[in-house]
Structures are given as C-alpha cells and as structure tokens.
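**Student:** Read off the chains here:
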Amino acid sequence: MEIITRREIKITQTSTELTMHDIFGAWKVRWGINRMNYKVEPGLYSVGNPDSNSPVLVTANYKLSFDSLRKELDSLKAWILVLDTKGINVWCAAGKGTFGTTELLNRIAIVQLDKIVAHKNLILPQLGASGVSAHEVLKYSGFRVNYGPVRAEDIREFIDAGSRATTEMRTVRFSIYDRLVLTPVELVNSLKMSLMIFGVLFVLNLMGLGPFGLVDFYGYEGALIVGCVLTPLLLPWIPGRAFAWKGWLLGFIWAVSVNMLNGWPLVPQYSLLRAIGYLLIFPSVSAFFAMNFTGSSTFTSFSGVLKEMKIALPAIIISIFLGSVLILINSFI
Amino acid sequence: MKHRYLKNVSTLKLESAKCTGCGKCIEVCPHNVFVLCNGKSVIADQDRCIECGACVKNCLFYALEVKPGVGCASAIIKGWLTGTEPSCDCSDGSCC
Numbered sequence: 121m122e123i124i125t126r127r128e129i130k131i132t133q134t135s136t137e138l139t140m141h142d143i144f145g146a147w148k149v150r151w152g153i154n155r156m157n158y159k160v161e162p163g164l165y166s167v168g169n170p171d172s173n174s175p176v177l178v179t180a181n182y183k184l185s186f187d188s189l190r191k192e193l194d195s196l197k198a199w200i201l202v203l204d205t206k207g208i209n210v211w212c213a214a215g216k217g218t219f220g221t222t223e224l225l226n227r228i229a230i231v232q233l234d235k236i237v238a239h240k241n242l243i244l245p246q247l248g249a250s251g252v253s254a255h256e257v258l259k260y261s262g263f264r265v266n267y268g269p270v271r272a273e274d275i276r277e278f279i280d281a282g283s284r285a286t287t288e289m290r291t292v293r294f295s296i297y298d299r300l301v302l303t304p305v306e307l308v309n310s311l312k313m314s315l316m317i318f319g320v321l322f323v324l325n326l327m328g329l330g331p332f333g334l335v336d337f338y339g340y341e342g343a344l345i346v347g348c349v350l351t352p353l354l355l356p357w358i359p360g361r362a363f364a365w366k367g368w369l370l371g372f373i374w375a376v377s378v379n380m381l382n383g384w385p386l387v388p389q390y391s392l393l394r395a396i397g398y399l400l401i402f403p404s405v406s407a408f409f410a411m412n413f414t415g416s417s418t419f420t421s422f423s424g425v426l427k428e429m430k431i432a433l434p435a436i437i438i439s440i441f442l443g444s445v446l447i448l449i450n451s452f453i
Numbered sequence: 110m111k112h113r114y115l116k117n118v119s120t121l122k123l124e125s126a127k128c129t130g131c132g133k134c135i136e137v138c139p140h141n142v143f144v145l146c147n148g149k150s151v152i153a154d155q156d157r158c159i160e161c162g163a164c165v166k167n168c169l170f171y172a173l174e175v176k177p178g179v180g181c182a183s184a185i186i187k188g189w190l191t192g193t194e195p196s197c198d199c200s201d202g203s204c205c
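Quick mapping for you: the protein sequence lines, in order, are chains X and B.
In terms of our numbering, the first sequence opens at residue 121 and continues consecutively.
In terms of our numbering, the second sequence opens at residue 110 and continues consecutively.
If you are wondering where the hints come from, they were derived from the structure by calculation, not from laboratory data.
Don't take each hint at face value.
Just a sample of chain X residues kept apart from chain B, beta carbon distances all over 12 Å, derived [as the list claims (entries may be wrong)]:
#  : residue
1  : Lys191
2  : Glu192
3  : Ser195
4  : Ala229
5  : Leu244
6  : Leu369
7  : Leu381
8  : Phe409
9  : Phe419
10 : Lys427
11 : Ile440
Computed footprint of chain X on chain B, listed as stretches where at least three residues anywhere in the stretch have a Cβ under 8 Å from a Cβ of chain X [unchecked claim]:
#  : stretch
12 : 122 to 132
13 : 141 to 155
14 : 166 to 172
Note that beta-carbon positions come from the ideal geometry of N, C-alpha and C, so glycine has one too.
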C-alpha cells in the first residue's frame, strides 16, 4: 500500500515596510515592555513575489530581528525562513542552541523548502554560526549554509555580490549608538532591582532607624545611571579593561562629586564617616551595574567575565556592607 | 576606539596538525581571530576571542576546541544562585 502524505504548504506574505505599530513595538521592547513576548510565527514568509530561484534568508522569530531583516529587502524578491527561537534574537538564541542545527533541519522539513525553491542554498546571519553546524545541515538536508553579513543592513550588498561577505560585513561593531539603544533596558531592569532597596530604606525611615534623605536617594540614583548608562556609553574611552573597574572609576568620581556638592570637607557638620560611606557604596553600585553590561556587549568572553566577577563581586559586596555600616553609625552619633 | 577586554583568558585552542586550511573558521568568526598562513589557519589574536564556539561548531576536521559560554555577568550570577549552567536566558535578566 502506498502512503501519500500531502501537507499544505503555508507561505505568509509580508511587507518590507514597517508600520507605526512595528516602530512603536520596537521602541517598547527597548524600554523592556513586553520584551520577552515580542514574537512572530515561525515558518516561511515571502517578500516581493519570490520564485523558485529566489534566495532564502533565515532568521529568528524575535519580531525585532524579523523586522530589521524585512525592512532591508525593499524591491528584492526573497524567502524568509523564520526559526522558532522562542522570541530570542539570533545571537542569544544561537548561544542557547535554539537557533541551531536541529531547529533549522526541522523547519526546512516543516515548510517543505525543497518543494518551494529549486536551489539548495540558505543564507544565515553570521551570528547564527555559534548554533549551527553548516556541514551537518548539508549532510542531513542537502541545503548548503552560507553565512551572510552580521547586520541586516548589508544583506542587499551581500546578495548583489553573489552571496559574498566582505570582512567589514563579517565584523561585529559596537558603536556608541549600538550601546545607546541598549541602555534603556539596563536602566529599567536596575530600577526594578532598586525598588526593593528603596522599600527597605523607607521602612527603616518609618521606624525611625535610618534618617535616609534626599542626598542618599539621588546619590544612589546617580551611581545607578553612571553604571547603566554613562559607563556603557563611554566604554572604550574609560581606562582599563574590566567592566566593573570602568564602572567603579566613574562611580568614584560621582561619589567625590556628591560629597563635595554637599560641602565636604569644608562644612564641619558633614562628617568623615558619611563621606567615606558614600565613597564605599556609590562606586560599588556603579561597578555592579557596569559589570552587568558585559552581557549586552559584543566582545566579552565567559572566561573573562568569570575572572572579572571573582574579584569584583566580593569586593563590591564587602565595600557596600562597610559603607552601609559607616552610614548607619554616622546617623546614630 | 577599539574595544579590548581582559587578556589571556580565552580557552580557544587550535590543533594545527588537523587543520586543512579550508577557511571556515575565518568565515564564521565574528571577531577576526584567525588568519590563513601558509595554507593553515592560525590564531592571530587570542584576546579577541569571545568563546562563542562558532568556529568549533563549523570545523569539519575537529581542529578547534573552546569551552563555550556566555560572557554575561547576570547569567553567571543566576547560574550560581540556581545551581545551573549559566545560559543566555533573559526571561527576567538584563542580558542580550
């Protein structure tokens, strides 16, 4: 008996123009709103009436990734194969393995790509390479993986050059603008973390145990902004290599500024204990948040971050603890 | 300005005897760690390596070795707290 399975081939037509809705959605995820649930349906999409000879571009189902790819395809005819990466971008999903060999092989089979295109070439974003084994994809599906440019904006040039990427296209950049767009999420996340601290301080105030005032509040907020925004922006210009160190250095400048703004060392009421307390706490807060930016950066390694953390984390904890003790002692004298 | 991270930390190793000089590692490396020299790939700058593992995954001849991992402090902290391998799982963290 012959078994014939006819599955329907599903292709979704999409546009190369982003709507206001797409642009607003992108802005929201940059601020951490609905960021973990910004997805498109995995599967096969078409732009500009592609035929069986049109190129197949593979991407993640994070809507920000999908949108940044399709907006570069104006007047091109292409297929977009969207992998199920659980709404995570290509680079992070490749690291986790969801943008990987298995998912790619499955998705090729599900959409029946061999019935849609006559060629055997796939264009993958370069940053997907850490999850995909090109020779295994070829072995099991017959499709040849061609690693394209890092950035979607180069995809047209890449296709025009006969699927050839220049060194420039293959190089990861991390410009001041690249860093700027990442800072809102850092800020929102660190503020969320800080709400707990504010809550504890507020309760201590209510109980009359800690006279925490405006200076403590803006001093901390400033240290947080130094760590989450200023250090990332000035990253390559701050001397040193470790992120925590870079954050500490700027945080130290901030702590000295806060002390001096409040009259130290000229105003006798401004005690040395408080000044030292701030010098211990604020730079450490900046250092911690700067260290967290390693995950957003493009040039840190696991071994490097681990080495940095083994020194920085204990130092940060001890420093904040000692600083807090000094501030508390000071408020009881 | 060039970004530079810590020196002498990467676990990347290249076994030259197995290398055929196919150039795949040069193609997939996002940080130009490799160059082709006399028909074989060589590590030009170890300190640029971010241990992403793309070269290892795409080397047909098993000439490369690295301990892949995420260069993300919050993932590592989360790994320590939960006792799991650090992964780029940003469901509530701040990385990527």
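**Student:** Does each hint fit the structure? Answer for all of them.
**Tutor:** Against the structure, the hints come out as follows:
At the 12 Å boundary, the C-beta of X/Lys191 stays outside the reach of chain B, the nearest C-beta of that chain being 21 Å off. Against the 12 Å criterion, X/Glu192 stays outside the reach of chain B, whose nearest CB is about 19 Å from its own CB. Every C-beta of chain B lies more than 12 Å from that of X/Ser195, the closest at about 28 Å, which supports listing it as non-interface. Distance check for X/Ala229 against chain B: the nearest CB is about 21 Å away, which clears 12 Å, and the non-interface claim stands.
The non-interface label for X/Leu244 is inconsistent with chain B: the shortest C-beta to C-beta separation is roughly 10 Å, within 12 Å. Interface exclusion of X/Leu369 from chain B stands, the closest Cβ pair being 16 Å apart, more than 12 Å. No beta-carbon of chain B comes within 12 Å of the beta-carbon of X/Leu381; the shortest separation is about 29 Å. Listed as a non-interface residue, X/Phe409 fails to keep its Cβ farther than 12 Å from every Cβ of chain B; the least gap is roughly 9 Å.
Taking the minimum C-beta to C-beta distance to chain B, about 5 Å, the non-interface status of X/Phe419 is violated against the 12 Å cut. X/Lys427, annotated as away from the interface, has a beta carbon of chain B within 12 Å; the closest lies near 6 Å. No Cβ of chain B comes within 12 Å of the Cβ of X/Ile440; the nearest lies about 15 Å off, and the non-interface call holds. Restraint check on the stretch 122 to 132 of chain B versus chain X: 0 residues with Cβ-Cβ distances below 8 Å, three needed, restraint violated.
Here the stretch 141 to 155 of chain B counts 1 residues with a CB under 8 Å from a CB of chain X, which misses the bar of 3, and the coverage is violated. Evaluation of the coverage hint for the stretch 166 to 172 of chain B: fulfilled, as 3 residues show C-beta separations to chain X shorter than 8 Å, against a requirement of three.
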